[in-house]
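The whole structure should be built from the sequences, with the hints applied where relevant.
In order, the protein sequences belong to chains A, B, C, D, E and F.
The numbering of the first sequence is full-length UniProt numbering, which starts it at 1 and goes up by one.
The numbering of the second sequence is full-length UniProt numbering, which starts it at 1 and goes up by one.
The numbering of the third sequence is full-length UniProt numbering, which starts it at 1 and goes up by one.
The numbering of the fourth sequence is full-length UniProt numbering, which starts it at 1 and goes up by one.
The numbering of the fifth sequence is full-length UniProt numbering, which starts it at 1 and goes up by one.
The numbering of the sixth sequence is full-length UniProt numbering, which starts it at 1 and goes up by one.
Hints were generated in silico from the structure; no laboratory data involved.
Bear in mind the structure is a predicted one, so any value in this text is a computation, not a measurement.
Incorrect hints may appear among the rest.
Since the list gives no way to pick out one identical chain from another, each pair is judged satisfied if it fits inside one copy or across any two copies.
Said to hold, decoys possible - Simulated pairs of lysine-lysine, DSBU-like, Cα-Cα distance not exceeding 35 Å:
hint: 1; residue 1: Lys188; residue 2: Lys274
hint: 2; residue 1: Lys15; residue 2: Lys267
hint: 3; residue 1: Lys15; residue 2: Lys274
hint: 4; residue 1: Lys72; residue 2: Lys269
hint: 5; residue 1: Lys42; residue 2: Lys274
There are 6 protein chains.
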Amino acid sequence: MEKFKTLEIVQKSAKSSVFHLYLNRPSQRNALSPDFFSEFPKALSSLDQSPDVSVVVLTGAGRHFCAGIDLKSLNSSSEPSLSGDRGRGGERLRRHIKALQDSVTAIERCRKPVIASIDGACIGGGIDIVTACDIRFCTKDAFFSVKEVDLAITADLGTLQRLPSIVGYGNAMELALTGRRFSGPEAKQLGLVSGVFGSGQEMDEGVRIVAEGIASKSPLAVIGTKAVLLRSRDLNLEQGLDYVATWNSSMLFSDDLTEAVSAQIQKRKPVFAKL
Amino acid sequence: MEKFKTLEIVQKSAKSSVFHLYLNRPSQRNALSPDFFSEFPKALSSLDQSPDVSVVVLTGAGRHFCAGIDLKSLNSSSEPSLSGDRGRGGERLRRHIKALQDSVTAIERCRKPVIASIDGACIGGGIDIVTACDIRFCTKDAFFSVKEVDLAITADLGTLQRLPSIVGYGNAMELALTGRRFSGPEAKQLGLVSGVFGSGQEMDEGVRIVAEGIASKSPLAVIGTKAVLLRSRDLNLEQGLDYVATWNSSMLFSDDLTEAVSAQIQKRKPVFAKL
Amino acid sequence: MEKFKTLEIVQKSAKSSVFHLYLNRPSQRNALSPDFFSEFPKALSSLDQSPDVSVVVLTGAGRHFCAGIDLKSLNSSSEPSLSGDRGRGGERLRRHIKALQDSVTAIERCRKPVIASIDGACIGGGIDIVTACDIRFCTKDAFFSVKEVDLAITADLGTLQRLPSIVGYGNAMELALTGRRFSGPEAKQLGLVSGVFGSGQEMDEGVRIVAEGIASKSPLAVIGTKAVLLRSRDLNLEQGLDYVATWNSSMLFSDDLTEAVSAQIQKRKPVFAKL
Amino acid sequence: MEKFKTLEIVQKSAKSSVFHLYLNRPSQRNALSPDFFSEFPKALSSLDQSPDVSVVVLTGAGRHFCAGIDLKSLNSSSEPSLSGDRGRGGERLRRHIKALQDSVTAIERCRKPVIASIDGACIGGGIDIVTACDIRFCTKDAFFSVKEVDLAITADLGTLQRLPSIVGYGNAMELALTGRRFSGPEAKQLGLVSGVFGSGQEMDEGVRIVAEGIASKSPLAVIGTKAVLLRSRDLNLEQGLDYVATWNSSMLFSDDLTEAVSAQIQKRKPVFAKL
Amino acid sequence: MEKFKTLEIVQKSAKSSVFHLYLNRPSQRNALSPDFFSEFPKALSSLDQSPDVSVVVLTGAGRHFCAGIDLKSLNSSSEPSLSGDRGRGGERLRRHIKALQDSVTAIERCRKPVIASIDGACIGGGIDIVTACDIRFCTKDAFFSVKEVDLAITADLGTLQRLPSIVGYGNAMELALTGRRFSGPEAKQLGLVSGVFGSGQEMDEGVRIVAEGIASKSPLAVIGTKAVLLRSRDLNLEQGLDYVATWNSSMLFSDDLTEAVSAQIQKRKPVFAKL
Amino acid sequence: MEKFKTLEIVQKSAKSSVFHLYLNRPSQRNALSPDFFSEFPKALSSLDQSPDVSVVVLTGAGRHFCAGIDLKSLNSSSEPSLSGDRGRGGERLRRHIKALQDSVTAIERCRKPVIASIDGACIGGGIDIVTACDIRFCTKDAFFSVKEVDLAITADLGTLQRLPSIVGYGNAMELALTGRRFSGPEAKQLGLVSGVFGSGQEMDEGVRIVAEGIASKSPLAVIGTKAVLLRSRDLNLEQGLDYVATWNSSMLFSDDLTEAVSAQIQKRKPVFAKL
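Okay, structure coming up:
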């Protein structure tokens, strides 16, 4: 795997197809820098394409998950935009924001599940990132804030689009308007995370079990489930049903189905080919 | 009412307009067979059309609600699909899946509320069915699993389309990717069921009270509420508001409204004509 | 501020930009009269336009928030509709309902956050109103009911469109079909309210703190957050991201951003110009 | 093939997979009766299912294509609706209209292309039917009218939904508001028909050539083209592209592709298996 | 009828329910001024509400239909927007544009058909207006241009949204990117107008006949046709069909239907009550 | 500009900002090879980013525009797909098709207008490409065919999604089901091209004039027009209006507007800065 300035990819066990992707600027509490935004989609794309990878665990190096967007990411874009023609500045800024959004959406483009494992701060841009992940876990000491409003910013990297479908529209509005800090246990109660662990260590172990569990399943069924859920989010019911029927007309009768059925009859663990 | 191989319709009290529809293959834990898929829409259609029926309670005969799709339902479709032309096989399989989906969606086509009453296992295809129901209750001993991923299948009978709007998108993704078992109380906490009862007997009584409560209301308002909620799910806000205004321009000033207002003034129970 | 028959606008402190809008017919438990429907959008429009107002707190005068639609609102419309040509009556009734809906939707048209503060009854039309608000709080003694079904009415002022995205589709269906009463604490558990207070007094203080908190933030970021969340509700993900990027290309680099960044560096409270 | 009261199915040549479906009440200028609405979907379904059928030509027996809806179809529904409860009457009428619509939409549910061949009158309900067809031809003596407005009816069997995408929104509005008669050549100029023939005889021969041409192509590609065009009408661009990619992942590499490529290399006509 | 500075309402014959609405600043070639934008919705609203009006003919006083937006409309908005805070300026400008759009969309809010009768220039904002009308006619000397691009403006009053569904997406793009002038006959060939007349006088007579024809029909069916076509533009096919069925469940069995059927049987002209 | 194997970029005059992009495999009639699909988005991206480029003219080297997809493009994807696991093969094939689609959609991602200039054959994949262009011109000798159906393929590179909005749904279905050849003049009559020229030479000159005309306009208004038309295609009317208002709140008051207004007052040609 490639080397990155702001990220690190770690395969904790050679036998495992679970790969860890670290936000890796612990001294800045993993604040999102311009480098991050260009490296993140590359890292996810290489994890997506590698047949050795089944599941990605996204986590922060050090005590915190992510302190939000680095002011430098903002500055680097602001200078050209603020000077000169208002119209051209607006057009450049719009493209700049869309490029940052696209970097976050790389999580959804990765066919394989991305699990966020959150300790410490998960603030501003950190929320944008974890809401784009497929599953989220945190520790009881994690804390969250849709912080953009306190910087006089309308959050523009995905939180306002993705959070409502996860925690409900009412909760999303309250969190985004107040920017208030909320804890790991409240995140669980809101439906933002699927589980809260007592410590980082417990979370590492707990997330490992979930990730290995998914990694042991049919990779075709796993990516199909992610793809169909994502696609159905934007289709109406009838369209969503038609879509998954069309999908499965291509992918249902796979070697994985044969193996899963055999294994079940023979009461053994199935073994699936890589994808 | 018609007789069915895989279903039974029971009117527990001659005075009641609440009808019970049983998944009725208890020895197979009510696994969904090819016969089920052809009989289910017929049963619901006859319940929908009968003026004697106000509310349908869907439940499983025996200890379990439903163990999921019968492997035979899969096999019967797989044989023609796997042999011969890949293209024609795909086309046939797509139609087969759409026919199965259509059988489940019969629950939504039934104008009258369908309440799922769930004890024991509710697995795979069982989840597809209960997410299509209007209200769900279970016992504390019920257990659930979006199991398809363990059979190397991308769930294709509606769970991936309906579950997110019930339990939130994040929870739906986690349940569908892990296929993990969850209990009745967790189902309540997730919003999948509206209540958990201590035993099957308590649930029977509790669901009876809810069902009779709905059955005592204006049938026109009840089917209107179901129809408008279902339709609004796929419309944007402005379209949904316009739709219900148009609906009520036809159906608001009914005999039921007159009766409801009179009864309220006269402090008596209203009595509504059958639909 | 204008005077109203059914509403009262109160600025509790001359220094505050938090304004209170009272449903003000306490003797009728603030039931929604024809006057209310014509005055409500006017009141919200004037609050929206006044640069002195940052946040609106909507609450009920007296012990109850709102007992629902006044039967007179219904009657005044029914007479012309029931007599004469069925077709023309339907057309008039449809326009009448759309006008009532439009009055409630004035809450969303107000660019500034509207916080519902709910004590006592919040019934029928009261639910239509609070689901259109941005944030909701209640007391432990508040009680709620989607009551329309008991009047033989398919709820048509917005509840069936807005409630599912707040409490989940399953809960919305159950509440709307049963019309059952639920308490403040259950409203919190369902996600309908963001907090429950022990008494009306505690709520007044609690809501005041939240409202002043929002009022102290950049007004541009606050209205942007509300506008983008509302708009994104009806767009798909890609469209929502593109929308907020376009929005921020116009409004990100504001004086408020400069002030917020300066204040943060200087570790002082930011002060924003009125909007 | 089944026998029908209002329709006739004719296979003009035993060697041909082009089947003709006649509206067959020439003495009533093929006006659409209650019997028609129940028989039409059955006829199309049997044509869809028969492997001997590749293409359906829909035409009128006698001098006219279709004079519109039979007043009896309207009457049979009006009686129950006009008497009794306004609300229940409205609900019944809504279901009645939806059933009539569903009968017309059977043309789209038929996987195989349906070509309308139109001589003489094509009025009111006749327009509803031909706009649901896949291709339309007419004679120079054919005449058309979106006539419903002259019967004080808002057209409700599909014309207002399908006509705008065929002739443009502006033309559709003008034709529907004026109800004016327009000729075959104008229908061609508007894009409503793909060709105009000098006489019924010439049209028979011309349509035969088009239909046999389609019938000689890969049935899988033909039904795929119809299905994807219909589906894409209701998806946005990105969704439509994703849909056809998913469709073809199942159906592209068929025996038909192999045969088509071989035939092209060998410079011979391809021969495809039935579907 | 009210008096306006920029508009004039004329009822040419006391017996007629066709009313003419003139853009009435002939010395400025009816350029759209700030006054126009505030008066236009008021005029259309009063025409909509008056039971004496069945059809509105929108035309220009003097030789030209409309020369486009008055630069003063632009200036009045630009001054506050260009000075001061970029963010606040953007927010104000956005509201200003939406208010202008809303003024044009008043044509669609008017339940009754609005027919544009176009002679001379129809430029820029003139195109925005006529594409919002229901039917369009012009003279052979009329000329059109989507002119905004030549003023360095992305057209923002509706042309880019409405023109593609009228003339096709390809034609709309070409006209909007080139801003080229096109003639009345080309407008007819593109589908932008329903007819071209040899002179203004001929058009007056021709449009009068069309307008009186519509005015003689059931007002309920006429407004239903307009409303359902407008609504269906934004719904998918299935939703559009369901909508019109729901609409007609309220409005089909009107006195107008009875009258229309009677008149047809008695071979006389039907007479409908005002709306 | 970069060098390509299958494409050539030509700036015909050093003073011009109109650039020509040639499909450049004339000996294969510019059939679309695997190389083409990887080079095409790169070429368009570099043209998009270069400030020297205002307008792109896409044309074919030699006598023909494009003979369609090279069978090799198909083969290279078919081999891995046909062998091995049916499920994995389907998944790979789906990604392959999406990658090809994405290459064509690069035309829409290019902010600057792309004008197709078509002589000779425009077949199959050639139609996919030109329907993604913004404006199309052809010679009278050009000929077109939605040819995929004759290769037993459901067209999957965009034609079935884009053609209906250009030529109407009815025409699109007829062309796609019959695969028949149609001429330049018919393409004009269908609305597929904006103009037909007598010869390739005349087209070169005619397209040059159109392209230079667009190139002389405000680049900000030109890309805004393209962007808003593309975006509005997938939004409903109200959303489209809101979108362009938001867009212009950022980009309306540009230096280009100032220059355009000054130039108009001073009756001179405006000169705009590069983008």
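Next item on the list: Taking the numbered hints from earlier one at a time, note which ones the structure violates and give those numbers from smallest to largest.
Entry: Of the numbered hints given earlier, the structure breaks none, since each of them holds.
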